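> If you want the building blocks of each chain, they are given just below.
2 protein chains.
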Amino acid sequence: MAKTLTIIGLQTIPIVKEGDDIPALIIEACKRESVSIEDGDIIVVTQKIVSKAEGRVYDLENIVPSKKALELGEATQRDPRLIELVLSDTVEVVKATPEGLIVRNIQGNICLNAGADRSNVPGETIYSLLPVNPDESSKIIRKGLQKIINKRIAVIITDTYSRPFRRGQVDLAIGFSGIFPFRDYRHTGDLYGKELRVKNTTIIDEIASVTELVIGQSTEAIPVSIVKNLTWVDGDVGMSEILLSQDEDLFKGAL
Amino acid sequence: MAKTLTIIGLQTIPIVKEGDDIPALIIEACKRESVSIEDGDIIVVTQKIVSKAEGRVYDLENIVPSKKALELGEATQRDPRLIELVLSDTVEVVKATPEGLIVRNIQGNICLNAGADRSNVPGETIYSLLPVNPDESSKIIRKGLQKIINKRIAVIITDTYSRPFRRGQVDLAIGFSGIFPFRDYRHTGDLYGKELRVKNTTIIDEIASVTELVIGQSTEAIPVSIVKNLTWVDGDVGMSEILLSQDEDLFKGAL
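Line by line, the protein sequences are chains A and B.
If you read the first sequence in the numbering used here, its first letter stands for residue 221, the second for the next number, and so on.
If you read the second sequence in the numbering used here, its first letter stands for residue 221, the second for the next number, and so on.
Next up, chain A with everything else stripped away, as it sits in the complex (with noise of 0.2 Å):
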């Protein structure tokens, strides 16, 4: 009668290079481990291995700063050439001091580093950058598993965020394929018939939450998790939907 969520964590796919085909890589391991694929299944991608396989690999070894780049490290305390490659990811500086370099990138998050980063990547000075267009990678995805296994599914592709307000990170969704993100209430009623007059409630952040419990971040290496069980609708919208501007941001001034 209890109404059950299930998430599986595939823990056999090797690590991801240059040009590997994930899909065929999801598809190889959920045979190892004796997961199907079924219909209203969703697949939960870590960023990592999607920015591995688009070779979004980068040595700051190769990477001269410009002056602005220059003038943000020293800001900053950091590598001028870690900005560098921050910068060719960015769109707007939003705030540069010691605790950190906060900017809009180019996928239209407001975040650390544009997503520059260097954990799970080989070398002292190798820092990955997210996927160019995490949606085109999500569809890319869908799209490859669909062609093998014919199933209703959706693909998310997470990262970890720093967030305001509160102590800690946790991931939410970067870019999406095959799902309505939003689970709107705002038309329905509550327990007692009362309409829910702002109850919208983006489901594919809480996705991303919570699969990151199974992916983890270190060395458990469970890059894919699988979701089973969930009501969602199809939808063909990207990450636009999600990502507030300035001037629709209920919290502007707040902080």
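For the record, the hints were derived by calculation from the structure and aren't laboratory data.
Here the structure is a predicted model, which means the values were calculated and not measured.
Heads up, the beta-carbon is just placed ideally off N, CA and C, and yes, glycines get one too.
Check each hint, because a few of them may be wrong.
[Claimed, not checked] Heads up, incomplete: computed chain A residues facing chain B, CB under 7 Å, no partners named:
{"no.": "1", "residue": "K223"}
{"no.": "2", "residue": "T226"}
{"no.": "3", "residue": "I228"}
{"no.": "4", "residue": "P342"}
{"no.": "5", "residue": "F385"}
{"no.": "6", "residue": "Q389"}
{"no.": "7", "residue": "D410"}
{"no.": "8", "residue": "Y412"}
{"no.": "9", "residue": "D425"}
{"no.": "10", "residue": "E432"}
{"no.": "11", "residue": "L433"}
{"no.": "12", "residue": "L450"}
{"no.": "13", "residue": "I462"}
{"no.": "14", "residue": "K472"}
{"no.": "15", "residue": "A474"}
[To be verified] Listed next, with one range per pair, are the computed distances between beta-carbon atoms:
{"no.": "16", "chain 1": "A", "residue 1": "V311", "chain 2": "B", "residue 2": "Q366", "range": "48 to 54 Å"}
{"no.": "17", "chain 1": "A", "residue 1": "I369", "chain 2": "B", "residue 2": "L411", "range": "26 to 32 Å"}
{"no.": "18", "chain 1": "B", "residue 1": "S256", "chain 2": "A", "residue 2": "T345", "range": "50 to 56 Å"}
{"no.": "19", "chain 1": "B", "residue 1": "D241", "chain 2": "A", "residue 2": "T345", "range": "55 to 61 Å"}
{"no.": "20", "chain 1": "A", "residue 1": "K363", "chain 2": "B", "residue 2": "S308", "range": "50 to 56 Å"}
{"no.": "21", "chain 1": "A", "residue 1": "G343", "chain 2": "B", "residue 2": "R372", "range": "40 to 46 Å"}
Given chain A, put chain B in place with the hints provided.
What follows is chain B alone, placed relative to chain A:
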């Protein structure tokens, strides 16, 4: 071989009223639904039933707005009696516009309307406030459950939050007991043995988000869910570990 997380939503918890014994209601629902609570389970409870059990439900008809509430009612174009109710749980008004009233509430959260909410309470003028001390409420529920079942469990109380930068809401923790709230990777190595300098995942928020997927917001009436197969460590801290002061907030000035 795959690592599996299971989230079970209890579907037979009755409508909760003031004075109800939530641990007893959970245990009875588990019996009816053949769900057993085991060592390591995390019990996630939506704020609304805790507020109702604690009598934190108010009728605007009984409220006389103060001068400040009348002014803020004008500024926000909201019922000044609601504003008066919000002010009773408010430490600091952060922003007041027709788009919303953002405050720091007595529980320390920056949020809309201090958490006052009229969904899933009966009557057009009836609103609930958050539990006065959600950590303490979590502890009472945990101890109450443990008196009956004597297992190693944690309790998290959740609420729905609008957040900066992104459209729509997600559920986050507002109180917890028995669990250390972070999975701290800051002194561990990644796949390549490099130290992770920043990663400190707020797992209680990630857990809160997932259970919303099961719990839902409107007529689903699943106010409690149970997370199984997650590894976590015991902790004796509370929400003060999560909530940042403005001076600690990396995003200060970024919005």
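> All hints, please: hold or fail.
Results for each hint:
1. Hint on K223 (chain A) holds. Least Cβ distance to chain B is approximately 4 Å, under the 7 Å limit.
2. Here the hint on T226 (chain A) is kept, as its CB sits about 6 Å from the closest CB of chain B, short of 7 Å.
3. With a least beta-carbon distance of about 5 Å to chain B, the hint placing I228 (chain A) at the interface is held under the 7 Å criterion.
4. Interface restraint check: P342 (chain A) against chain B, minimum CB-CB distance 5 Å, threshold 7 Å, status holds.
5. Taking 7 Å as the C-beta cut-off, the interface hint given for F385 (chain A) holds, the closest approach to chain B being about 5 Å.
6. Because the smallest distance between the Cβ of Q389 (chain A) and any Cβ of chain B comes to about 6 Å, under 7 Å, the interface hint for this residue holds.
7. Satisfaction of the interface hint for D410 (chain A) is found here, the shortest Cβ-Cβ separation to chain B being roughly 5 Å, below the 7 Å cut-off.
8. Interface hint status for Y412 (chain A): upheld, as the beta-carbon distance to the closest one in chain B is roughly 5 Å, under 7 Å.
9. This hint holds: D425 (chain A) has a C-beta 5 Å from the nearest C-beta of chain B, less than the 7 Å allowed.
10. The criterion of a C-beta within 7 Å of any C-beta in chain B is met by E432 (chain A), whose closest approach is roughly 6 Å, and the hint holds.
11. Hint status for L433 (chain A) relative to chain B: holds, with the closest Cβ pair at about 5 Å, below 7 Å.
12. For L450 (chain A), the suggested interface contact is upheld, since its CB lies about 6 Å from the closest CB of chain B, less than 7 Å.
13. A cut of 7 Å between beta carbons decides the hint on I462 (chain A): the least distance to chain B is about 5 Å, and the hint holds.
14. About 6 Å separates the beta-carbon of K472 (chain A) from the nearest beta-carbon of chain B, less than 7 Å, and the hint is met.
15. Checking A474 (chain A) against chain B by beta carbon gives a least distance of about 5 Å; that is within 7 Å, so the hint holds.
16. For V311 (chain A) paired with Q366 (chain B), a C-beta distance near 51 Å keeps the hint of 48 to 54 Å intact.
17. Roughly 28 Å separates the CB atoms of I369 (chain A) and L411 (chain B), a value that falls within the hinted 26 to 32 Å.
18. Taken as a hint, the range 50 to 56 Å holds for the pair S256 (chain B) and T345 (chain A), whose Cβ atoms sit roughly 51 Å apart.
19. Look at D241 (chain B) against T345 (chain A): about 59 Å separates their beta carbons, and that is inside 55 to 61 Å.
20. The beta-carbon spacing between K363 (chain A) and S308 (chain B), approximately 54 Å, falls within the hinted interval of 50 to 56 Å.
21. The supplied range of 40 to 46 Å is met by G343 (chain A) and R372 (chain B), whose beta-carbon atoms lie about 41 Å from each other.
No hint from the list above goes unmet by this structure.
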